[in-house]
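If you're matching them up, the sequences are chains L and G in order. In terms of numbering that gives the first Met the number 0, the first sequence opens at residue 0 and continues consecutively. In terms of numbering that gives the first Met the number 0, the second sequence opens at residue 0 and continues consecutively.
Hints were generated in silico from the structure; no laboratory data involved. Some hints here could point you the wrong way.
Distance condition first, Cα-Cα at most 20 Å in a straight line; then the derived DMTMM-like pairs of lysine to aspartate or glutamate [to be verified]:
| no. | chain 1 | residue 1 | chain 2 | residue 2 |
| --- | --- | --- | --- | --- |
| 1 | L | K82 | L | D27 |
| 2 | L | K77 | L | E104 |
| 3 | L | K85 | L | E7 |
| 4 | L | K37 | G | D73 |
| 5 | G | K86 | L | D74 |
| 6 | G | K70 | G | E106 |
| 7 | G | K273 | G | D156 |
| 8 | L | K77 | G | E92 |
| 9 | L | K37 | L | E8 |
| 10 | L | K30 | L | D57 |
| 11 | G | K1 | G | D156 |
| 12 | G | K86 | L | D57 |
| 13 | L | K96 | L | D27 |
| 14 | G | K70 | L | D57 |
| 15 | G | K86 | G | D73 |
| 16 | G | K112 | G | D61 |
| 17 | L | K82 | G | E85 |
| 18 | G | K146 | G | E121 |
| 19 | L | K77 | G | E85 |
| 20 | L | K30 | L | E93 |
| 21 | L | K85 | L | D74 |
Anything over 10 Å on all C-beta distances counts as not near chain G; from chain L, calculated [claimed, not checked]:
| no. | residue |
| --- | --- |
| 22 | A10 |
| 23 | I25 |
| 24 | Y84 |
| 25 | G88 |
| 26 | L106 |
| 27 | R108 |
For each residue, glycine too, the CB sits at the ideal point set by N, CA and C.
Each chain, letter by letter, is given below.
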Amino acid sequence: MMIAIPVEEGAENLCVSFGRTPYFLIYDTEKAAAVTVKNSAADAQGGAGIQAAQLVVDQGANALITVRCGQNAADVCKAAGVKIYKARGNCAAENLKALEMGTLEELTRFHPGFHGKE
Amino acid sequence: MKIAVLSGKGGAGKTFVSVNLSAVAQNAVYVDCDVEEPNGRLYWKPAMEKETPVSVLIPEFDVQRCSGCRKCVDFCRFHALAFVREKPMVFSEVCHSCGGCVMVCPENAVLEKARPVGMVEEGARGGVRVVTGVLNPGEVSAVPVIKAALRTGGESDLTVIDCPPGSGCPVMESVIGADCCLLVAEPTAFGFHNFKMVHRLALLLGKPCGVVINKADAPYAPLEEYCEKQGLPILLRIPYSERLAALGAAGEIASEQDPDLAESFRGLLAAVRKGAVS
Numbered sequence: 000m001m002i003a004i005p006v007e008e009g010a011e012n013l014c015v016s017f018g019r020t021p022y023f024l025i026y027d028t029e030k031a032a033a034v035t036v037k038n039s040a041a042d043a044q045g046g047a048g049i050q051a052a053q054l055v056v057d058q059g060a061n062a063l064i065t066v067r068c069g070q071n072a073a074d075v076c077k078a079a080g081v082k083i084y085k086a087r088g089n090c091a092a093e094n095l096k097a098l099e100m101g102t103l104e105e106l107t108r109f110h111p112g113f114h115g116k117e
Numbered sequence: 000m001k002i003a004v005l006s007g008k009g010g011a012g013k014t015f016v017s018v019n020l021s022a023v024a025q026n027a028v029y030v031d032c033d034v035e036e037p038n039g040r041l042y043w044k045p046a047m048e049k050e051t052p053v054s055v056l057i058p059e060f061d062v063q064r065c066s067g068c069r070k071c072v073d074f075c076r077f078h079a080l081a082f083v084r085e086k087p088m089v090f091s092e093v094c095h096s097c098g099g100c101v102m103v104c105p106e107n108a109v110l111e112k113a114r115p116v117g118m119v120e121e122g123a124r125g126g127v128r129v130v131t132g133v134l135n136p137g138e139v140s141a142v143p144v145i146k147a148a149l150r151t152g153g154e155s156d157l158t159v160i161d162c163p164p165g166s167g168c169p170v171m172e173s174v175i176g177a178d179c180c181l182l183v184a185e186p187t188a189f190g191f192h193n194f195k196m197v198h199r200l201a202l203l204l205g206k207p208c209g210v211v212i213n214k215a216d217a218p219y220a221p222l223e224e225y226c227e228k229q230g231l232p233i234l235l236r237i238p239y240s241e242r243l244a245a246l247g248a249a250g251e252i253a254s255e256q257d258p259d260l261a262e263s264f265r266g267l268l269a270a271v272r273k274g275a276v277s
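Looking at chain L on its own, in the form it has when it is part of the complex (with noise of 0.2 Å):
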């Protein structure tokens, strides 16, 4: 399985935005390896959150991680397949190790989105 975080610089804490995250976490939990990847979205003028949930599919994610979510990031999610996990805490490791462990509630309640809002 392949797991979607967004993180902050460092990639050992969550960053509570998705659409705008500098980086996110993506975590292959066959080979056990993680890469941080750029958030091309993260000053995107408009639609962060489409783009974003654009990249977490391209790079092939079954599964995200996140404290947040919009609803058209949601929508692009679940046509793609890729479940959304409600984050607990900020600790990455500690996250991908309680959605192993299947203690992660599915994230349900997403934001409409703050477009156009200046």
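We have chain L; now place chain G onto it with these hints.
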């Protein structure tokens, strides 16, 4: 002549100034570009003549023809398209209707379909033609409806454009075709802050400006100093008055009830026509 009335802060008196300015002109077109909450019509109570729907074009994909080349998704700078399971997916509220996806598709697999986003109402009261843009609730972009309202307003001896608040895209769209701007300022710290933002916008667009200070009980020094330094003419000061507030709350056009106010607005119009803006 087209005069755009703007303020930055909401509730400063844009509609009050726009409505009364057109009312004293008698022969005028009033265009309400505050399409998210158009309220000029509450004062005009115009005899309605016409309602024209406003639509935008959004892409629709012919899945049979789509080869999954992803060119459209990569082209869309608004990120209104995603590429999932080898097919494009549209987010219509993020789409800016630029038509780029249609142009770059090598398979002619992108069609466009109209999506209604609002309407333009036309009516009249006396010699004033009242044009109102109305955005459908929940729509993100006001710009297509503003464009349609201004197009409907057309050219005339005097067009008064009642702008939306703020200094973002909807305001720019409302101001861009105007000959000059009237900046309605409220003599408060908040009002002054947003006033400076719209003034910067007007400067950027190269529009000459004049200032109307509304609810002006006492001079607010930072505003006065700013106008002096920037060479911004203060063309009218309207003191706060409970009577004017009550007339407004009752949906009355105040200058029709208050001869002194009407005289003030006639003076303002004459000053703008004479080129007192800068």
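These are the hints, each one checked on the structure:
| no. | hint | result |
| --- | --- | --- |
| 1 | K82/L / D27/L | 15 Å, holds |
| 2 | K77/L / E104/L | 16 Å, holds |
| 3 | K85/L / E7/L | 17 Å, holds |
| 4 | K37/L / D73/G | 17 Å, holds |
| 5 | K86/G / D74/L | 14 Å, holds |
| 6 | K70/G / E106/G | 11 Å, holds |
| 7 | K273/G / D156/G | 14 Å, holds |
| 8 | K77/L / E92/G | 18 Å, holds |
| 9 | K37/L / E8/L | 9 Å, holds |
| 10 | K30/L / D57/L | 18 Å, holds |
| 11 | K1/G / D156/G | 8 Å, holds |
| 12 | K86/G / D57/L | 13 Å, holds |
| 13 | K96/L / D27/L | 13 Å, holds |
| 14 | K70/G / D57/L | 15 Å, holds |
| 15 | K86/G / D73/G | 13 Å, holds |
| 16 | K112/G / D61/G | 12 Å, holds |
| 17 | K82/L / E85/G | 19 Å, holds |
| 18 | K146/G / E121/G | 15 Å, holds |
| 19 | K77/L / E85/G | 14 Å, holds |
| 20 | K30/L / E93/L | 18 Å, holds |
| 21 | K85/L / D74/L | 16 Å, holds |
| 22 | A10 | 24 Å, holds |
| 23 | I25 | 18 Å, holds |
| 24 | Y84 | 19 Å, holds |
| 25 | G88 | 30 Å, holds |
| 26 | L106 | 18 Å, holds |
| 27 | R108 | 19 Å, holds |
Every hint from the earlier list agrees with this structure, and none is contradicted.
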